[in-house]
Every structure is written in C-alpha cells, then in structure tokens.
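Chains X and F supply the protein sequences, listed in that same order.
For any residue, its number in this note's numbering is found by taking its place in the first sequence, counting from 1, and adding 10.
For any residue, its number in this note's numbering is found by taking its place in the second sequence, counting from 1, and adding 762.
A couple of the hints might just be wrong.
To be verified - Per the computed footprint, the stretches of chain X lying under chain F, defined by three or more beta-carbons under 8 Å from a beta-carbon of chain F, are:
hint, stretch
1, 38-51
2, 87-97
3, 103-109
4, 207-218
5, 269-283
None of these hints come from the bench; they were simulated from the model.
Owing to the predicted nature of the structure, the values given are computational and were not obtained by experimental measurement.
Each residue gets a CB set at the ideal place from its N, CA and C atoms; glycine is no exception.
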Amino acid sequence: MRAMGGRSVADESGQIVVSGLSKSFGTVKAVDNLSFTVPAGTITGFLGPNGAGKTTTLRCLLGLIGPNGGTATIGGRAYVDLPHPSATVGALLEASSFHPARSGRNHLRVYCAVNGFPDRRADEVLDLVGLSSAAKQKVKGYSMGMRQRLGLAAALLGDPKVLVLDEPANGLDPEGIAWLRRFLRRMAEEGRTILVSSHVLSEVEQTVDNVVIINRGSLVRQGSIAELAEHQGLTVVVRGPDLDPLVAALPEQAGVSRLDGSVRVTGLTTDEVGHLAFTERVELHELATERSDLEAIFFSLTGDTGPVEHFGGEGMQR
Amino acid sequence: MIRLVGGEVRKLATTMLWLWMLLGAIAITAMFMSFVIGFDGTEGNPQPPLSTPEGQRNLFGVAGAAGVFVLILGIIAITGEFRHQTVTPTFLATPHRGRVVIAKLVTYALVGIGYGILVALFSIALALPWLSAKDIDLSLADNGIPGTIAGTIAGIAVYSVLGVGVGALIRNQIAAVVGSLVYLYVIEAFVSALPTIRDYYQYLPGGANAALTGATQPGTPLLEPWQGGLLLVAYGVVFAVAGTWFAVRRDVS
C-alpha cells in the first residue's frame, strides 16, 4: 500500500474534467452538453435537485454508462483506460450494492482478491469507517448508515487519490452526517480529490471548497463557495401590508421570492427597490439588505423555490 | 485473470448458495437413481434392466439431471450481480467487462467439474451397495461405465458454463431461471416426445447433454457422446459471447 498523505496539490493526475458530456435516455436528455473541472486535491460539491443528471454524470465518469457525446476523464484518462482503476478512483454509487447474505468483511475481501490488494486491507478500511465491530455480520442486518459506511470502505480499499461519492449523506441521521463531514475533511486533508454529489447544499456547504451546480442536465454555476455568494450579491428584504403592486413593477431580471409576508428581491439594490415602492405608492414597513444564504442561492439558481415556498405557503417565485 | 477467478471463487464461497445447489444436485441424483433401481425389472418399465451393460450405463447417466442445479448456479453468478447491484463495484474494479464474463466462465467451468465429481462420487456410493444388495454384479471399470461417468461430469460442468452464458444474456434472475426450467422441462420434453420433430431434439442443449451422459431416450435419436459434448460447449460459448456483447454495451444504472 502506498502511504497516505503528502501528495502535492499541483499534481494533475487527480483532476477530473467533464467536457461536452451528453446522455439521453430515450427522448429524455439527462445530461446536456455538460462541462466542468474538478481541480486535483480539492473537495467539490456536485449539486442539483433530484433528477438534475448528477448520477448519470458520475456514472458516465466511471464508465458505467456510455455517453452519447463528450468525454469525462480522471487525470486525463477515461475510467476504462486507467491502468489501476481501483487504486486510482474510489466510488460510492448506490446506497446498497452488496449481497445481503455476505458479511461486510467478505464483501471487501472479494474486491481485495479481484484487485490484488492484501486481505488485511479489508480490516483496515473497516476500521477507518468505524465498522470493525460489524465486520462479520451479514449486510442484511446493516442499517442504512452502516451500508453507507461499508460503501465508503469499499471505495477506500485501493487508497485512491480520487473519490467520487454519489449522495453519501442519503439516509444518514444528523450524527451520521456530522461524521461524514469530518470524514470527508480528513480525506481532503490527505490530499485526495473528492467529488461529492448532493441535492441538499447544507449537507456539504461546510465541507466543500468548490461547487458545481447543475439543473436539467446543464451547468448552472461553477466556482468556490465564496464566489458563489459574491456573484449572487445581496438580497433586499421588503416588508409591508400589500406588496403585490411592487412585485408586479419589478423588472424581469430581478429574482423574487416570498417568505412569511416579506418579499426578498435579488439583483436590485435597496435604492432601486425603494424608488420603485415610492413610484408605485406602496406602503413599506421594512426595507433592508441581507447577504443571501447559500441555500437561497442554490434554490434561485436551480429554479427550485424549495423550502422558501413550502414554508411561506402563499407565494411562488415569479 | 487469475485474480478475477480468485474473486469469483470468493464470491461463491462467501454465501451459502453453493451448498444449497450442491444439496439440490445430490438430491435430484438420489431421486432419479432411486427410481431407476427401485423400478428395475417391473412390468412396463421401458428402461433397460440393470443386469445389462446398457442399463448400468443408464443408471449412472441419470446423474446428469444434477446439471440443472449447476445451470441455475451459473445463471445466478451473473444475474445475482445485477439483482444485488454488486455489478457496479464489479465493473468498477474491472471496467473491461468482457474479462468479468470470461472469469466467470472459467470459474464456473471449474466449479462445474467439482460438482460433477461430487455427484459422480455420490452416484457410485449410492449404486454399489444397493445393487450388491439386489445381487446385481456391477464393475465400475467395465461396460462403458467409466465413459458414462466422465460424460456425466463433463455434462454438469458444461451446464454450469451454459448457465453463465444464459445469465449474461438475460440479466433478470427470475426470467433467466424460470425461462431455462420451462425450456428444459416443457419445451424440450415436448420436442423429444413429438414423433414429427423429435429428430431435432438431439441438436438442442438437453439432447446434447443426454448424448453426453448416455442416458437413453427410447425412440429418440441422439448424437455420439463427444458430439453432444462439443455441441453443449458451443451453446455455452454462443450464449456467453452474445451476453458479453450486450453486457459491454448496456448501461449500468
């Protein structure tokens, strides 16, 4: 086994490049001319609502699905062309890809045999994910969280420098999600490139360096968390007894959402909103700026009104 | 490739399926042989009597029926991976999917030979004391019995390979298993029994297996044992190649 840690961030061999990737299932375009780059040694959140094409993209990257067009490479090579795929890339895809009657340890030992890794590696990765006590138990007795941990253990068997994780937080309780965050941080500190997908930004927000946001198979935004907040700018919060005339008068490009009787406007300054309210003769009780939180940015970018709509109950995004 | 075969052996050894299929193979052998010995010489029995060389070959040939269990074992070797989604880590570890199918073919050929030997040993252990109790002379070295036993072992081994081929082609486990059983026990039984078409039975997998094991089918023509064996191997290879061809192209999602 190669020693962990001490890898150079400038090492390009861990870079993931998706270029012009397209995949259709029948008439449905799951991924549509998608391009993005995951720099080596970074941890990148791959975000988008359910059905955005995240899983299809990751499966194309791993050679499980053949794209209709474009390429996806790891360190400049397609997955099938990697000389030692399991020692280069570790992947977690479905929540459960285990034989229910096989023990977790034996599941890992199968892939030790296939890849030529020593059998003790199975025990090492079980220890790494905190599953040693259940090692000899059949997988059918595992909880969802234990299955996710076993999946992570399998991904780590070859001590890969790239990790591709599809919704690893799915089915985890809050304690499990906290564990996963610490775990991913530790993996990143060891110099690995990590691409982790999620449909909930808050799951990965505190963990990732960069985000790639997709919706309906296309790239919406790529950048660091800081850039994302910067670009989206400020949110103007407006409160008043009847804001409908004001909302109707807002220009097309403004982003509008309603929450508990207030209206949140993006893309305009307080001066502009205040002026509009004056010309429309709308009574205001509050006019303030607020740095929009990332979750709101995420929803506005993916066109999903998300919890804002559900909690507010009354309005829709315009 | 040795590593891949090692992985396949480990997959098989770490669940109980191999044991259930072995018990099934032994049970069906015990049942068929018991019928042959128990009904020997009764009136209206079309089987050749056990006192004749032909009858003794038939007795050991019926152990070929155990092949259906290794066929199922071979089918599950591939369809089980799709059923439990272990095909994802399998193809991730070995992205060149043809190699996975070849490893399974090699593994299950070896496993099939193992099952065949165990079934043959069991059939000898069952036949010797029982026939001696019935005062029937039986020498394992004579009357073409070594050839029949070798053919039975070969037939069981090839059925295992055939199962892998069928599984590669039909990924749905229930469809593959039920389809194979219906084919073997309904369609082939129909073909072998219908006078106008039973001449073609010898060219079907079941007919090829019957030729290999030397089990007699009164009134139904069969190939020579070596021809049957080759034909059965050809069926296995054709299914496996076709299955691999599709497996390489199909998306795993």
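Against the structure, the hints:
1. Residues of the stretch 38-51 of chain X lying with their CB closer than 8 Å to a CB of chain F number 0, which falls below the three-residue condition for coverage.
2. Three residues within the 8 Å Cβ limit are the bar, and the stretch 87-97 of chain X against chain F gives 5, so the coverage statement holds.
3. Counting residues of the stretch 103-109 of chain X whose CB falls under 8 Å from any CB of chain F gives 6; the rule of at least 3 is met.
4. Only residues whose beta carbon comes within less than 8 Å of a beta carbon in chain F count, and the stretch 207-218 of chain X has 0; fewer than three means the coverage is violated.
5. Interface restraint, the stretch 269-283 of chain X with chain F: violated (0 residues with C-beta to C-beta distance below 8 Å; minimum three).
The structure fails hints 1, 4, 5 (numbered hints given earlier, in ascending order).
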